[in-house]
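Engineer: Chain residues, written in single-letter form:
2 protein chains.
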Amino acid sequence: MPQLSPVSVAFLVFPNVTQLDLTGPAQVLSRLGNVTLNLVWKDKMPVPTDAGFPLLPTATFDEIQQADILCVPGGLGTMEIMPDKTVLAWLRKIAADAQWVTSVCTGSLVLGAAGLLKGYKSACHWASIDQLEYFGATPVRERIVEDRNRFTGGGVTSGIDFALALAARIRDEDFARFIQLSIEYDPHPPFDAGSPDKVSPEILARYHKMIAAAAPDRVAKVKAIADSLGF
Amino acid sequence: MPQLSPVSVAFLVFPNVTQLDLTGPAQVLSRLGNVTLNLVWKDKMPVPTDAGFPLLPTATFDEIQQADILCVPGGLGTMEIMPDKTVLAWLRKIAADAQWVTSVCTGSLVLGAAGLLKGYKSACHWASIDQLEYFGATPVRERIVEDRNRFTGGGVTSGIDFALALAARIRDEDFARFIQLSIEYDPHPPFDAGSPDKVSPEILARYHKMIAAAAPDRVAKVKAIADSLGF
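Which chain is which? The protein sequence lines are A and B, in order.
Using my numbering, you'd call the opening residue of the first sequence number 35 and step up by one each time.
Using my numbering, you'd call the opening residue of the second sequence number 35 and step up by one each time.
FYI, nobody ran anything at the bench for these hints, they're computed from the structure.
One or more of the hints may lead you astray.
Identical copies look the same in the list; a pair holds intra-copy or inter-copy alike.
[To be verified] With a straight-line Cα cutoff of 16 angstroms, these simulated EDC-like cross-link-like pairs (lysine to aspartate or glutamate) come out: (1) K232 - D96; (2) K152 - D164; (3) K257 - E114; (4) K232 - E207; (5) K232 - D208; (6) K119 - D181; (7) K119 - E176.
Take the sequences, apply the hints, and build the full model.
Structural biologist: Next comes the structure, spelled out in structure tokens:
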């Protein structure tokens with residue numbers, strides 16, 4: 035087999051990231067062969083996640099000046115970093131030279147806050163996708179959205195689908211199929227409830243109640259962040 | 035909403051674990067409410083994973099003496115821990131009182147090595163499932179296999195399906211649907227290649243070549259481990 039071209043992947047990691055947003059694509063992309071993958075943050079102290087255990091950043095913003103793939107995962111922690119000028123400046127710097135500028139879930143709101151989705155179509159978690167408009171992006175309710183070199187995934191588990199599509203673009207479709215086989219991604223969820231149009235009003239109400247308690251006034255806050263950033 | 039009963043989850047973590055085997059169910063189970071979740075290993079130094087970044091154990095074997103759910107993820111690192119008497123003794127101790135004894139992917143081979151699947155049906159990664167027989171378990175090629183209080187998942191991404199089924203048993207089906215909605219698990223893989231019967235002979239050969247290079251003679255080695263453990 036010929037030598038595979040090197041691929042560098044930089045994930046933004048931050049407190050209260052949704053772990054699976056990051057691990058789904060990391061597991062897929064790490065199997066591209068000849069890959070260097072980093073979790074990048076301000077320092078290398080463990081950051082809490084919403085999956086009950088912390089993640090350890092592998093590099094700081096100063097240490098990562100370039101990446102072929104930039105990926106921003108989501109989670110409620112995005113509320114804290116969306117207005118963070120240090121985070122946004124690093125994202126803009128890496129995005130300027132990256133081959134692919136990507137996100138999973140509400141990570142697209144952070145790309146949006148950095149000005150990186152203005153005039154682009156983008157995916158997001160179904161419950162937050164409308165907020166993309168505050169940053170000049172066009173919401174598209176799909177699990178995988180590609181617009182020029184922006185490649186965004188929908189909520190949480192969409193990151194697996196998204197990363198397989200990205201793998202096909204970076205290597206080829208059979209390489210992506212090989213990765214899919216290796217992770218036995220032949221999904222058969224025991225329930226059919228992965229989208230708001232597939233659940234009862236009671237389950238939908240439970241979700242909205244949970245998110246309102248976990249992140250009060252989040253829509254108004256995102257709008258205020260967008261305003262403060264000059265969108 | 036009435037107070038949810040507390041649930042403690044102990045994941046075995048180890049060098050060269052497959053990250054997504056662990057994070058899939060951790061992300062789901064951490065949303066059960068009133069959950070304590072630990073990644074347990076011999077010490078708390080970062081352990082390398084096969085996804086390009088390390089994980090940080092949150093507790094040592096000595097610190098975790100009981101758990102409602104025991105879960106062993108898979109990965110090539112299972113080859114090293116299958117014969118490890120310290121690991122196997124801890125698994126037996128936790129399993130003795132656990133409500134659910136579970137695994138994802140080749141984690142079932144480790145449960146098998148600990149003697150915890152003798153006479154049980156079990157799932158495993160498709161490429162390793164035959165090896166369950168060395169430990170007296172009955173392989174079942176499904177993504178979710180339940181036999182009494184053993185609840186096992188197939189390869190890697192099966193851990194998400196498996197954990198949703200387990201969530202329904204621990205809370206109820208609507209609670210599992212609520213979690214599924216929250217992680218937008220409405221999978222639409224861009225390819226249909228998640229099972230060996232769905233790929234070309236070339237892709238299957240590529241997989242076997244990769245695994246043979248990554249873990250030479252692994253089937254014979256697992257057989258030798260089973261023999262040495264007295265199966």
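Engineer: Now tell me, hint by hint, if it's right for this structure.
Structural biologist: Hints, verified against the model:
1. K232 - D96: Close neither inside one copy (44 angstroms) nor across copies (44 angstroms); limit 16 angstroms.
2. K152 - D164: For K152 and D164, only the intra-copy Cα distance (14 angstroms) is at most 16 angstroms; the inter-copy one is 52 angstroms.
3. K257 - E114: within (13 angstroms within a copy, 51 angstroms between copies)
4. K232 - E207: For K232 and E207, only the inter-copy Cα distance (14 angstroms) is at most 16 angstroms; the intra-copy one is 30 angstroms.
5. K232 - D208: Between copies only: 12 angstroms across, 32 angstroms inside.
6. K119 - D181: Neither, since 25 angstroms and 53 angstroms both go past 16 angstroms.
7. K119 - E176: Neither: 29 angstroms inside a chain and 48 angstroms across chains, both beyond 16 angstroms.
When each numbered hint is compared with the structure, violations occur for hints 1, 6, 7.
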